[in-house]
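A.B. asks: Residue numbers (the working numbering), protein chains in the order written: chain A, 1 to 221; chain B, 1 to 254.
Hint data in this document are derived by calculation from the structure and do not stem from the laboratory.
Please read these numbers as outputs of a predicted model, since none were measured by experiment.
Ideal placement from N, C-alpha and C gives every residue a C-beta, glycine not left out.
Some clues are possibly wrong.
Interface residues of chain A toward chain B, partial, derived using beta-carbon atoms under 7 angstroms [to be verified]:
1. S8
2. K12
3. N33
4. V76
5. M81
6. S82
7. S87
8. R88
9. K93
10. Q97
11. Q182
12. S183
A few chain B positions that, by computed beta-carbon distances, are all more than 12 angstroms from chain A [unchecked claim]:
13. L8
14. E40
15. E47
16. E55
17. I75
18. Y134
19. V137
20. N138
21. A142
22. P149
23. G152
24. Q197
25. R240
Calculated cross-link-like contacts (lysine to any residue; reagent style SDA-like; alpha-carbon spacing at most 20 angstroms) [to be verified]:
26. K175/B to A101/A
27. K193/A to D144/B
28. K58/A to V123/A
29. K175/B to D91/A
30. K175/B to G106/A
31. K130/A to G119/A
32. K193/A to S52/A
33. K130/A to N49/A
34. K93/A to P82/B
35. K193/A to K58/A
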Amino acid sequence: MIRICCTSVGQKVLMALTGLALCGFLATHLSGNLLLFAGEEAFNTYAENLHSMGVLLKAAEVGLLATFLAHLGLAVSTTAMSRRARSRQYDEKESKQGVFALPGGGASNWMLLTGLGIGAFLVLHLVDLKFKMRPDLVYPTDGGAYATVNTVLSSPVSFAAYGVALILLGIHLSHGVRSALQSLGVSHSKWNKLIEIGSMLFAWAIALGFICVLGWVVLSS
Amino acid sequence: MSSELINLTLRVWRQSGPDSPGQFDNYQLNGVSTHMSFLEMLDVLNEQLIESGQESVAFDHDCREGICGTCSLMINGQAHGPDTATTTCQLHMRRFNDGDTVTIEPWRATAFPIVKDLVVDRSAFDRIISSGGYVSVNTGNAPDGNAIPVAGSQQEVAMDAAACIGCGACVAACKNASAMLFVSAKVSQLAILPQGQQERSERVVSMVSQMDDEGFGSCTNTSECEAACPAEISVSNIARLNREYLRASLCGRD
Ligand code: FES
Numbered sequence: 001m002i003r004i005c006c007t008s009v010g011q012k013v014l015m016a017l018t019g020l021a022l023c024g025f026l027a028t029h030l031s032g033n034l035l036l037f038a039g040e041e042a043f044n045t046y047a048e049n050l051h052s053m054g055v056l057l058k059a060a061e062v063g064l065l066a067t068f069l070a071h072l073g074l075a076v077s078t079t080a081m082s083r084r085a086r087s088r089q090y091d092e093k094e095s096k097q098g099v100f101a102l103p104g105g106g107a108s109n110w111m112l113l114t115g116l117g118i119g120a121f122l123v124l125h126l127v128d129l130k131f132k133m134r135p136d137l138v139y140p141t142d143g144g145a146y147a148t149v150n151t152v153l154s155s156p157v158s159f160a161a162y163g164v165a166l167i168l169l170g171i172h173l174s175h176g177v178r179s180a181l182q183s184l185g186v187s188h189s190k191w192n193k194l195i196e197i198g199s200m201l202f203a204w205a206i207a208l209g210f211i212c213v214l215g216w217v218v219l220s221s
Numbered sequence: 001m002s003s004e005l006i007n008l009t010l011r012v013w014r015q016s017g018p019d020s021p022g023q024f025d026n027y028q029l030n031g032v033s034t035h036m037s038f039l040e041m042l043d044v045l046n047e048q049l050i051e052s053g054q055e056s057v058a059f060d061h062d063c064r065e066g067i068c069g070t071c072s073l074m075i076n077g078q079a080h081g082p083d084t085a086t087t088t089c090q091l092h093m094r095r096f097n098d099g100d101t102v103t104i105e106p107w108r109a110t111a112f113p114i115v116k117d118l119v120v121d122r123s124a125f126d127r128i129i130s131s132g133g134y135v136s137v138n139t140g141n142a143p144d145g146n147a148i149p150v151a152g153s154q155q156e157v158a159m160d161a162a163a164c165i166g167c168g169a170c171v172a173a174c175k176n177a178s179a180m181l182f183v184s185a186k187v188s189q190l191a192i193l194p195q196g197q198q199e200r201s202e203r204v205v206s207m208v209s210q211m212d213d214e215g216f217g218s219c220t221n222t223s224e225c226e227a228a229c230p231a232e233i234s235v236s237n238i239a240r241l242n243r244e245y246l247r248a249s250l251c252g253r254d
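Extracted from the complex, chain B is given alone in its bound form (with noise of 0.2 angstroms):
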């Protein structure tokens, strides 16, 4: 496939720390490859506003290959930009024609506050997991494969709720910022495997009780998080999680 070469209007909102106030700046980028990913194209960006000077643009990224969900971009007000189940940094910049204006933005939650430009801390998330998404075992010997028998049926449900990359897309999709997709596949992935058994109660009580500590909204079941979910966590895990938050409410131990 030949390459082609589009020029683009750049729209980034630039912060320069947590507390100050932030602004669009507009930035014209001529000559870019639409073999480009979008992480490439800020890649360029970032050199031209080196040379002349100028502080470069902060964003996340890291594996560039859609598993370590650390790239997130608001891409013309879509979480990782306009394609499904697609991460900004596997977005190429085909989608784009010669002569737009993408404007670029951070996820904006106050759970997740901004760190720097393009850049939020998502430590929430982390601090969700400690809270109960985990199973406790014993180390020692690697137990057999087998000795736990699992069917089939359950393995995907499970395999699919444990795709989610935590990279934050349901939250910055939500109009309510709430991050039931997120806790609701870290919940599942668990609650359905055998492993997860013992600490099935608390491990929900404990990570709702952490979201909301968080400060993320609730949910009104728009679906918004599961069309802009990068690894196509369904809404299905959100259902899940209100069936064991439910049932360790009413039939759990305290």
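One chain only, chain A, in its complex shape (with noise of 0.2 angstroms):
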């Protein structure tokens, strides 16, 4: 067991399992705040519902930010491993997979950078809800959880931060999901192209849910 974390298959794996935990955090988040759609009573009831769990709430959140710092810390990790493989770069280097939606190849090629960004991301969207500490925005003093998510979304420097980590959300799920269900071993050859279409289809289901409220709040208010 203790094996696993030092070798790099070992750490692919811990890093695919965090990733996937992560996602369904993602999902969750998601899915509570689709009840913004539903308005300001149902919003500010499951806001509120969620912190009388207290205790429980807490340890979910100790939880996730270990295993956010874990993710984080397997990616610099087998990076640098990755980075000591090869001391000098090709002069010239060509893929043989064809055209890519993204300069410099595909999605995998930016997994660090855009996991960078998310991080950065999360740091502010702390800041913003949950310590409610952004010094140019005046926070309500009433109207609940609804309230203050259409302060902090209104404010152009949120909208502007938030679609942009949105979208490096999705190029990093569109890779990531699919990469961590291969570094698990799940793979065959019946099925692969679903897994791979699904995982495509999750990843960017979550980023456009995202976005979806992100504009529904904007446009709302």
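With the hints in hand, could you dock these two chains into one complex?
C.D. replies: Structure below.
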């Protein structure tokens, strides 16, 4: 078991497990956010119920933070391993995989950068809505979570930052989900196409879901 | 088919020894027949160099028919050149146009140190194989061919994995210089067959640990290795390696 944490294969397995756990969180988070469409009352009740969970919620938050930090740490460790593995780069390097949607290859070549971008966004997101400490905003005193979300998202700075972060999230997940499954050994000639499409759909459903929430809040306020 | 003659500018990596810095040198090569293989073209270059009193370019080759995996060149940024499922020795000059500049580099990976010019030391692969890529059997009479039944579908999968010629193109093409495709093929070909069951767990664990010790990178699942592989080894072998490794770590005896 301990050996797993030290080898390249083991680290990728842990990376996959933490990544999928974070995907689970994203799905839960999004389903909560979708209640914004149901109106102020529904969303506020949900937020209050969530916060009334007390110690359970705290435990979940600590668990999430630990998962996130582990995912980040593993990313740094495996990237360092790979950097060491090629000390001199090629003068010319082409892919044999045809055309990519992104410059510089597929989403797989952007995992660290998109991940770090998402991490930076996470800090902003927590400052905005958990600690409510954005210096350029005046937080409402009543109206519950619904009013707070409206205040934060209607600032153009938030809109831009959240929008960019969500696109980064979509790109990150578009490789991450499929890759995590492969790292866990999920592969079968009969099902691979389905797994690939399913992973891609999940990735963009999450990202676009959040983008819809963002757009809705900004348009409706 | 009529032969055409083309003129090429070759940008070749020259390095006199493992510790020397190395640089690209340009050579003009005229009248290259498009019927030639890439290695024959290099032979012609070397003759030209020797005639003019210069040192020939060192490059690896042996069978020249795509089965030994010795040839290994990064041609215009692609392992074994632009074709898929093709080794450098099977690549023909008709893939190039008159006036082209062709960049030729060695495989670049910390685990494959350069010996000279385009020749790299791939003994890291041999050490991975000797760490577990075998089955231990008592020598004696050859066993009866059908003594151990193997399902046809299993034979196919094992045979596909066994097609790996160990050339190292997977490492060369991977942005992480990871050897996962090679190791996964070598683990798979035995893990699938009944003969490989005895040492199944120890094999995968020691081969992965040897792979890490040699300094190969980790796998980001970009599938660049599969695209570059002249033997068309599938990345589904990498998934199998991951499964085998998990199985050995969680359920195997220590
Ligand atoms: S020389 Fe044997 S595969 Fe190319």
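A.B. asks: For each hint, tell me whether it holds in the structure or not.
C.D. replies: To see whether the hints hold, each was checked on the structure:
1. S8: 4 angstroms, holds
2. K12: Interface hint status for K12/A: holds (6 angstroms vs cutoff 7 angstroms).
3. N33: It is violated, given that the least Cβ distance between N33/A and chain B is near 30 angstroms, above 7 angstroms.
4. V76: 12 angstroms, violated
5. M81: 5 angstroms, holds
6. S82: Holds, because the Cβ-Cβ distance from S82/A to chain B comes to roughly 3 angstroms (cut-off 7 angstroms).
7. S87: 5 angstroms, holds
8. R88: 6 angstroms, holds
9. K93: Where the cut-off is 7 angstroms and the nearest Cβ of chain B is about 4 angstroms from K93/A, the hint holds.
10. Q97: Because about 5 angstroms separates Q97/A from the closest Cβ in chain B, which is inside the 7 angstroms limit, the hint holds.
11. Q182: 5 angstroms, holds
12. S183: OK, holds: S183/A within 7 angstroms of chain B, min 6 angstroms.
13. L8: At roughly 15 angstroms from the nearest Cβ of chain A, L8/B sits farther out than 12 angstroms, so the non-interface label holds.
14. E40: It holds; E40/B is separated from chain A by about 23 angstroms at its closest Cβ, greater than 12 angstroms.
15. E47: Since the minimum Cβ distance to chain A is about 26 angstroms, E47/B lies beyond 12 angstroms and the statement holds.
16. E55: Per Cβ check, E55/B is outside 12 angstroms of chain A; nearest 21 angstroms; holds.
17. I75: At roughly 9 angstroms from the nearest Cβ of chain A, I75/B sits no farther out than 12 angstroms, so the non-interface label is violated.
18. Y134: 20 angstroms, holds
19. V137: 27 angstroms, holds
20. N138: 31 angstroms, holds
21. A142: Per Cβ check, A142/B is outside 12 angstroms of chain A; nearest 33 angstroms; holds.
22. P149: With a cut-off of 12 angstroms, P149/B remains clear of chain A, as the shortest Cβ separation is near 23 angstroms.
23. G152: 15 angstroms, holds
24. Q197: Q197/B clear of chain A: closest Cβ-Cβ about 18 angstroms, beyond 12 angstroms.
25. R240: 7 angstroms, violated
26. K175/B to A101/A: With a Cα-Cα distance of about 18 angstroms, the restraint between K175/B and A101/A holds, given a limit of 20 angstroms.
27. K193/A to D144/B: 40 angstroms, violated
28. K58/A to V123/A: Answer holds: K58/A to V123/A is near 18 angstroms, not above 20 angstroms.
29. K175/B to D91/A: 13 angstroms, holds
30. K175/B to G106/A: Judged against 20 angstroms, a Cα distance of about 12 angstroms means the pair holds.
31. K130/A to G119/A: 15 angstroms, holds
32. K193/A to S52/A: 43 angstroms, violated
33. K130/A to N49/A: Given pair K130/A, N49/A holds - Cα atoms ~16 angstroms apart, limit 20 angstroms.
34. K93/A to P82/B: Given that 20 angstroms is the threshold and the Cα spacing comes to 11 angstroms, the pair holds.
35. K193/A to K58/A: Violated - the C-alpha atoms of K58/A and K193/A are around 39 angstroms apart, more than 20 angstroms.
When the structure is compared with the earlier hints, violations turn up for hints 3, 4, 17, 25, 27, 32 and 35 and for no others.
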